[in-house]
Amino acid sequence: MTPFLQGLGLPFGWAWTLATIIEILLIALPVMLAVAMVIYADRKIWAAMALRRGPNVVGPFGLLQSFADGLKVFLQETIIPAAANKTLFLIAPIITFTVALLAWAVIPFAHGAMLADINVGLLYILAISSLGVYGIVIAGWASNSKYPFFSAMRASAQMISYEVSIGFILICVVLWAGSFNLGVIVEAQKGFGFGVINGFWCSPLLFPVWVMFLISSMAETQRAPFDLTEAESELVAGYQTEYSSMAFALYWLGEYANVLLMCALNATLFWGGYLPPFNWAPLYLVPGLIWLILKILFGFFVFSWVKATVPRYRYDQLMRLGWKIFLPLSLLFVFLVSGYLMLIGHFA
Amino acid sequence: MIQAIAFYLFATMMITSGAVTILARNPVHSVLWLILAFFNAAGLMVLAGAEFIAMLLIIVYVGAVAVLFLFVVMMLNIDFAEMRAGFIRNAPLGVVLGVVLFVELFVGILVRSAGDLAIGNAASVSAVPAGLSNTAAIGALLYTHYLFEFEAAGMILLVAMIGAIVLTHRQRSDVRGQNVSKQVARRPEEATINVKPEIGKGVSL
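Chains A and B are the protein sequences, given in the same order. Start counting the first sequence at 1; every next residue gets the next number (the numbering used here). Start counting the second sequence at 1; every next residue gets the next number (the numbering used here).
Don't read these hints as lab results, they were simulated from the structure. All residues carry an ideal CB built from backbone N, CA and C; glycine is no exception.
Just a few of them, taken from the derived set where beta-carbon distance is under 8 Å, the chain A residues facing chain B: (1) I118; (2) V120; (3) L123; (4) L126; (5) L131; (6) V133; (7) V137; (8) F180.
If the Cβ cut is set under 7 Å, some of the chain A residues that face chain B in the computed set are: (9) N119; (10) Y124; (11) A127; (12) S130; (13) W141; (14) S156.
The following block holds chain B by itself, in its conformation from the complex (with noise of 0.2 Å):
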């Protein structure tokens, strides 16, 4: 009973606020509703019973991915009649899109019925390791069985990382940069030199 009340509410939750991150008229309010909408699919994953997957969808997405969203999407300044004519133009591509999207996931679900997923070949599914929390569990299966998957994934990430540091990294001459190291390492010997000058001889420096 709960679990169907709770069910009903995250998802039209998140059916609506999906609808209205499309349908608003200001980018922070789209964001905002994207950032719920997000919440609430956490909320159905506790609902589906995988507790680990919520969290990380919060961690990573409302937590980390949506805060760099709303960070750009503020600093924009954004001319709302130049959108509006813009959105007219992509239409026919955004529809072109949510078909391409919708059919695929139409097509995910039917496979999913058909059977349970297989990476390489069926046989080497391996089952779902009984009688440990979903952590664990996921755990037991992506560092044996998957390992060459996930390190694979990682490495790719890394790159990408690195690509985007090399990308937008420049050496800029003209600024003055903070030495840390030099700065501790800095003794009152070189810095300071105590003269005793005669008088109306000067120093010279």
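Here chain A stands alone, though its shape is the one from the complex (with noise of 0.2 Å):
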């Protein structure tokens, strides 16, 4: 966009400043609607799964029931507990909530089309998704109060665990792809199998390690099975208790916000990306961007879908297995694809 901007006859600094706002905007506003939107498929899905009818009300076939929580949630009184730490309080959510649009800086959204072409994407995604844990863990603490406490407490022993084996299977991707830039890691897919499939996760190596992902990116974003954090049965609603009103909104957003992008991390990584599904030209005709919304919406599916069938995972059951199962698990998986790579001489 910044060519076009300096063909319209203004100097590179400003066009290029002007491109970048308009591309968050481009970004940011889309990946809001689509929060508010998935929060309904959420709740559609699991009334489905439990043979209710979910949300049925507002608008046709409840589609507008989101915005009309949002509207609700807007025009409540935000209350602030006494004995709270007032400006970490306030803080906490906005944290929470920029965390979670911060990292789609890096996603292809088709070939060549990120808002920050950096060689250091991955690493800056794992950077990002490392602050989330402060908006909680700040929450607890600012509530001055038991349950927001325990539940940021469990929130940064279960994210720390979670982030060093996410961290082992990134780099079993960035091995074979070559790269930390997701533009390059979703080329190094075009025909990955036998020159047909487009993505990584139809590697015998890398199918094991897609699946610890998909695991460990529920745990990371705190869904279900793995939502200690705002265990409704033991701890009232987590770090959100004391929240009322818009900042508890920008925790519920965020936490969506969080799930999609893990979704499209996941698409990108193992997926394929914008690539179609099959390395065959008529496929390439639809856009990239469909390609990449449909695998971000399976996804998404696959997350609600879990939500709504597996028990919540006990606390010494979810440290077991962050640290005695997945950890070593990726390691021999960093381990073989090393080595299967060296072997074939994929480095040379």
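Could you use the hints to bring the two separately framed chains together as a complex?
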């Protein structure tokens, strides 16, 4: 977009700034809209699996339910507990929400279409997602209340544990693609399976890694069955207990934006991103953005499906899964993948 | 122009947040200011063109180390009056440490301006590979030229980790842990019996 604005007579600096702001809006606004619709989809899928109807009153098929909910919380009063640390209490949801949007900067939406085409794209995502824990920990501490505090403790332990194995999982993908740049990683998946299938998932060495990534990303985003930070039977509503109105809505939106981001990452790293599922010329006529959205939505369906069917983990089981199973397994796969790639002379 | 603005922004923010880290009365606020300082340091690294180091700084320090700091500090029950008394007592030591660190930093800058740093002898310094992104360049040097130093550092960290685990690990005999493989391996035949007792006789277990 920068050359286009330069063509309108703007100097490079201004054209670049304006173009970047427009591009940020072009990503952030559709993501927010998608979050609203995806909350509706989540409730519908969940309801369908429980043989209920789900939201069906506001708008046709209840499509406007999320917007009605948004309006409702917007009109509510923001209550700040007297004993709370006021500044941090208000900063915490802003952190969660901002961090959930930041990582979208490096996701490629079509060939070469990403906001920041940086060499360390995947590391950037890892760095940003490691910030997500602060929104929760600060909320738990600033609320000055028992249940949010327990929830913050759980969240920090849980997110750090699963980040370790996610790191190793990403190393397997990076080894195969030879780059941290997400665009290069997507291009490396073109015709990966026998020249027919686009996507890293079809390799016998990377398929188990993909399964681990899917489960770890559920733990990282605190989705069921790993939603121990807001386990309502134990902690009321976890770190959100003291929040109301828009501060609560920011957590809500940030959480689903994070889930969408994890689905996008899943699609980009293992299912070929904006590439069609099969390396067949007519499929390339469909724009890459459509394929990416379809893959993200399929990933989200899997998330909802798991949420609707699997009971919540116990906390010690969660820790056991993270440290005693995923960590050694992902380390083993780093070893296997790099060994195999050395064997076939991938790096030569 | 924009680089200069960004540099002065990051640098001022970093020094300010560093200062507030030691001046803040609440230890949790201190840790949060420290995190802001880390963040601005990462921004400076990006400006210097070292994006790999910048990302590692955020992942390792902000994402892991500082979270654990926060974790510990949040759970401490701190007596502020006692802490302030300790401040006066420990101030001379702190001043000495600060001076030592400052002198070391100063000497480091002097040495750096005298020429490239060398590990071992000066002849063993290898040039930075040209035409590589800095992620690839670090890898190319670390896994070839500095392989021994790298692996030695890895071994030291491993020993430290095992040491920490050995020191803190204790076997508790008074709690019943869950043995998952034992539970999974259990079959209905070995767990249940089907008996048909005569009326009025009962069953012996």
